[in-house]
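J.: Given the coordinates of chain Y, assemble chain R onto it according to the supplied hints.
Chains Y and R supply the protein sequences, listed in that same order.
Going by the numbering used here, the residue at position 347 of the first sequence is 348; the numbering climbs one at a time, nothing skipped.
Going by the numbering used here, the residue at position 50 of the second sequence is 68; the numbering climbs one at a time, nothing skipped.
Since the hints were derived computationally from the structure, they do not count as laboratory data.
Check the hints yourself; a few may be wrong.
No more than 25 angstroms apart at the CA atoms, straight line, and that leaves these computed lysine to any residue pairs for SDA-like [claimed, not checked]: (1) Y:LYS385 - Y:SER403; (2) Y:LYS40 - R:ARG31; (3) Y:LYS147 - R:ARG110; (4) R:LYS155 - Y:SER403.
Quick list of the computed label-pair ranges, beta carbon to beta carbon [to be verified]: (5) Y:LEU228 - R:ALA94: 56 to 62 angstroms; (6) R:GLU21 - Y:LEU228: 31 to 37 angstroms; (7) R:GLU100 - Y:PRO118: 22 to 28 angstroms; (8) R:ASP107 - Y:ARG271: 50 to 56 angstroms; (9) R:THR163 - Y:ASP136: 45 to 51 angstroms; (10) Y:TRP179 - R:THR163: 43 to 49 angstroms; (11) Y:ARG35 - R:ASP107: 25 to 31 angstroms; (12) Y:ASP136 - R:THR156: 52 to 58 angstroms.
Glycine is no exception: its CB is placed at the ideal position from the N, C-alpha and C atoms.
Spelled out from the first residue to the last, the chains are:
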Amino acid sequence: MTDWEDRVLDLALEELHGSPGEDAEAARIEQGLRRVEQKLAELGEAERTPATSGRRAIAVAASILSLACASWFVLGRSDRAQVAETSSVGRQEPAKKAGVAPTEADVTQWIEQLSDPNSDVRDRASEALKQKGPDLVGRFREELSKSSDLEVRSRLQDLIYFWTHAVAARVNDEIITWDTVKAGFKDLRPSDITEELRQQALRAVVEERVFLQEAHRRGIVVTEAELRDAVRRNAESFGGEEAHRSALRAKGRTPEAEREQVRRHLTVQRLQDQILEQAGSNRGGNPFNLDLSETSREELRRWYAANPEKFAAVDRADVCWVEFPFDGEQGPARKTLAEAIVVKMRTKNSLGWACTEMGVKENIHIGSLERGAPRPEPFSEETKNLILDRFKFGEARVVEDSKDVILVVQLYDRTRRISETFEQAEPAVRAMFENQKREVNRKRLREGLLERAKITPEGLFRGR
Amino acid sequence: LEEHYRPLWRYLRFLGCSDTLAEDLVQETFIAVLARPPVLHEPGAFAAYLRSVARNKYLKARQKAKSEPAWEDLGAADAIWEPVADREDWDRYREAVKGCVDSLDDRDRVLLETYYSRKGRRKESAATSGLSEEGMKTLLRRIKTRLKSCVKGKLSHD
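Looking at chain Y on its own, in the form it has when it is part of the complex (with noise of 0.2 angstroms):
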């Protein structure tokens, strides 16, 4: 019969003595669960149900909630009116203190009232001295070794974990966390996610929350109406709201997440119309540099003078094809191969994939053929009218074209245009000069909004 005391008191000996430290603890705890993370991942890209993971998620996130819920109504009347009243009144100091730089006094009082009886006060000293950054990770190391106390001990080395573990980057007063990052890489495999793509999504969210910043200090809010609007447009233009929600669960995303997206996309957008605007109706006040300049209708006429070849008449088809050379008795069997490559592709759609289906490896090309160009071999020209004529967007046929190759053709580009004077074409000259510039204002409103925040890791975007 085991001794079950015996076994207790072995594992508390066991971490006074055996420990590998908490540093090393918190290390060994975060790749666990990171493994769960990957395990999940794999598991929900196996069944290939993203959508459940999602409902999962939302399953836990309820059942935590229901949790929370019930610790709630489980707590006497007497100690929801302490809370209620810590929370209202007296002990509020850090939580107020948490946007103003902190003074040596401040950071001693909430490190005093990390031991404070009441656990509200303890969570917003704990809170507050978060907020306050890298540079107290020092002081933080300094109270764990003197501080003996459990609770204070588990909350310092909290903070020390966030600040030199969880944290990627602080912008102005805000945290982001790695977390945070992550979440763009919810389609990759850990093992494709290299320490520069890392960077480079730390770069986007960074900048991300720099704009969002500027937005919400300038009032900028989108309405719920506006967001409807956005959300059904961008449905309508996957082709309806069926196949919209199928891409998002492709993807692994939510509609709720879509919907915050196009809300942070929307107010980065009108931020940078502010700002135009603002700069282009008071000329002094251009803080930015931007390019307010308008583009004449003879800059116009200049381009499209140097660029006539983009404004002809264009009937174009860009194919893709298989060719099957063959000598005497082997053109049955090549066009029984060719046929069925045909069949295939109302499958797979593309010729490529299809190909490769069947086992075809070598002879595909891909060209384009022109109304009045030259033609590519092995195309005669009846082949090449026929296809220009007669072939529809992604469709592929057998053509015969000679006497010893059989081909299979399929058309999966067609640019049609007829030729414009200067007046049928500035409309889209302007517009395309338009954009050109508006491209030139967000880089160098990037830049400066950057510039002006206040960013850690400092050398975040040196150099780009």
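T.: Then chain R, alone, in the frame of chain Y:
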């Protein structure tokens, strides 16, 4: 989950898992629970639920290794574990153990440190302490008996 990681690992170690098996089983438990999240309405039920899943995982692992423990034995284990299962209770218990270890005389304290910092490798610890393996075993048993009664006293006093 982070909050439950260590207590669950400790529980599995308590049941008799090695460090690495406990680590694996904690991860398997989390995966199983996240794959089918329970709907619980009692505060504290989540930790107990995790323990029951982990215990089943442990039993399966033992079945595979053909060394299945007795159910009655595990029932007794849970009864002993329950008072120290929560993080705060465990910290209180460990603090009491620490207090009792501090009150031991120097020789016994050094012996404990030597033994537990070597992950219970008795032979090696005995050699370091200049004792025979059997002598080390007997001494440890005595020290632990003293510790257990000291811890009980401390906790009941608190």
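J.: Each hint: holds or not?
T.: These are the hints, each one checked on the structure:
Proposed proximity of LYS385 of chain Y and SER403 of chain Y is supported: the alpha carbons are some 13 angstroms apart, at most 25 angstroms. Simply put, LYS40 of chain Y and ARG31 of chain R have alpha-carbon atoms about 23 angstroms apart, close enough for the 25 angstroms limit, and the pair holds. For a cut-off of 25 angstroms, the pair hint linking LYS147 of chain Y to ARG110 of chain R stands: about 19 angstroms separates their Cα positions. Restraint check for LYS155 of chain R and SER403 of chain Y: the C-alpha separation of about 94 angstroms exceeds 25 angstroms, so the hint is violated.
For LEU228 of chain Y paired with ALA94 of chain R, a C-beta distance near 59 angstroms keeps the hint of 56 to 62 angstroms intact. Between GLU21 of chain R and LEU228 of chain Y, the C-beta spacing of about 35 angstroms keeps the proposed range 31 to 37 angstroms intact. The supplied range of 22 to 28 angstroms is met by GLU100 of chain R and PRO118 of chain Y, whose beta-carbon atoms lie about 26 angstroms from each other. In this structure, ASP107 of chain R and ARG271 of chain Y meet the distance hint of 50 to 56 angstroms, their C-beta atoms being roughly 53 angstroms apart.
The beta-carbon spacing between THR163 of chain R and ASP136 of chain Y, approximately 50 angstroms, falls within the hinted interval of 45 to 51 angstroms. Against the hinted window of 43 to 49 angstroms, the Cβ-Cβ separation of TRP179 of chain Y and THR163 of chain R comes to about 48 angstroms, which satisfies the hint. For the pair ARG35 of chain Y and ASP107 of chain R, the beta carbons lie near 28 angstroms from each other, so the given range of 25 to 31 angstroms is met. Distance hint check for ASP136 of chain Y and THR156 of chain R: the Cβ-Cβ separation is about 54 angstroms, which falls inside the suggested range of 52 to 58 angstroms.
Hint violations for this structure: number 4 only, all remaining hints satisfied.
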